[in-house]
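Got chain A; can you put chain B on it based on the hints?
Here is what each chain is made of, one letter per residue.
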Amino acid sequence: MGKKTPFYDCHLRAGGKIVDFGGWDMPLNYGSQIEEHHTVRQDAGMFDVSHMTIVEVTGAEAKAYLQCLLANDVDKLKTKGKALYSGMLNQDGGVIDDLIVYYLSDNHYRVVVNASTREKDLDWMALQARPFQVAVAENNDYAMIAVQGPNAIAKANQAMSEAQQSAVEGLGVFSAVDCEQFFIARTGYTGEDGYEIMLPSTQAEPFWNSLLEAGVIPCGLGARDTLRLEAGMNLYGNDMDETVSPLEANMGWTIAWEPQDRAFIGRQALTTEKESGVTSKLVGLVLQGKGVIRAHMKVVVEGVGEGETTSGTMSPTLKQSIGLARVPKATGDSVMLEIRGKLVPARVVKPCFVRKGEALV
Amino acid sequence: MSNVPSDLKYIASHEWVREEDDGTVTIGITDHAQELLGDVVYVELPELESEVAVDDEIAVVESVKAASDIFAPISGTIIAVNEALEDAPETVNSSAYDDGWMFKMKPAELAELDNLLDSEAYLAEINE
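Line order of the protein sequences matches chains A and B. With the first sequence counted from 1, adding 1 to any position gets you our numbering. Residue 58 in our numbering sits at position 72 of the second sequence, and the numbers go up by one each step.
Derived by calculation from the structure, the hints in this document are not laboratory data. A quick note: this is a predicted structure, and the numbers were derived from the prediction, not measured. Worth double-checking, as some hints may not be accurate.
To be verified - Cβ-to-Cβ under 7 Å is the rule here; a few derived chain B residues that face chain A:
id	residue
1	Glu21
2	Tyr28
3	Pro32
Unchecked claim - Facing chain B, a subset of chain A residues (Cβ under 8 Å, in silico):
id	residue
4	Gly292
5	Thr314
6	Met315
Cβ atoms here follow ideal geometry from the backbone N, Cα and C, with glycine treated the same way.
Same shape as in the complex, but just chain A (with noise of 0.2 Å):
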């Protein structure tokens, strides 16, 4: 028996099949994991995503330590309740987590990572702060639903009070918005616009009743895996780790190497790869013959090395074998995969296959 989060009873209602994700109980399907890709893509569907760990980041220098503790700098956060994606890197340089930091205030930032990775953040982001006059503490009052697709945000608003409701209008992306205990998030993890809500626990089944209503279809993990993949968003623990820089793992966007003196965790690994030369990148493959990508097969580009494949899978949308692999920088837009013995040619992509429904390879 794994933990339940506040939507588990509306699950089960639903016909949602259980499986254990990182010692919760969650929604694999609630019966066809492609028709519940398809309705994010064309219009609306909704994944409780509340195994995931919210941390408060509060106190004198709470903007201090998160621009020792992150890649990214959350001095680019000037507007309250905007968001920034991150890498929380050791001191070598790999990926401990991948995180959004969200600004409230100078002396309030609300971060939300992985649920698969909550211990190990937990004592990294605690042993971090003990030069800092900071209090690390995380947040276990609310449940997160995410409303993803081209109809989310009109359905979702359908859902909400009228004050929730004028408070979201103009909301941008990758901001969110505080009202009536709920936290209103423009962010998602598909590739197609919607929100990623927070709100109290106890207002978590009328909340879903409400979406129900408003005609938003419930989607389990396997959709989001399909979804996300497509959007060309990484997996941590799949696509990087921590023995993986960022700048290994097409996250090396998320870097703020200016200011030049802000010495975050991390930094001076990163600085050595790159003199020295970073050796591989994280790609898009996209299958030219026949089977299905799936994670560690082995990548052959020819006259240059091997790699590894760390995400793959039918695409609903393009249907084609998509994945992510790991190959030798100097790899070029064709390599050959290894599937059941077999070598079968894919193409090299930017690894960015779906976007707000249209295909991009």
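Using the frame of chain A, we list chain B on its own:
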């Protein structure tokens, strides 16, 4: 509750076998198997005319979740494959026992058919 027709034979790895009137057999995966797999996205069929031995891995079904091997339930020759599955693999989910059949074989030894499970034995197997 999974559908397990009583007129078919089975093996424990979730393939079904139908004995046809002309002495050939048709093979697919069970309703229980398609349910476990989830949405099927790709089927790799065996080679036509190939000779296979019982328990050989001769085909692959890939779902959104994972790839799983299909085993030859008996020895013999592959005499037909369901090419329609190449374009519509989801047929395995929607019609596991009919349109979702995978291949037909000419048995090498009819006696091998006696080693297959009947519906009751297969049901007992999946309810363990």
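Structure-based check of each hint:
no. : hint   : verdict
1   : Glu21  : violated, 9 Å
2   : Tyr28  : holds, 5 Å
3   : Pro32  : violated, 13 Å
4   : Gly292 : holds, 7 Å
5   : Thr314 : holds, 7 Å
6   : Met315 : holds, 4 Å
Consistency note: the structure conflicts with the earlier hints numbered 1 and 3.
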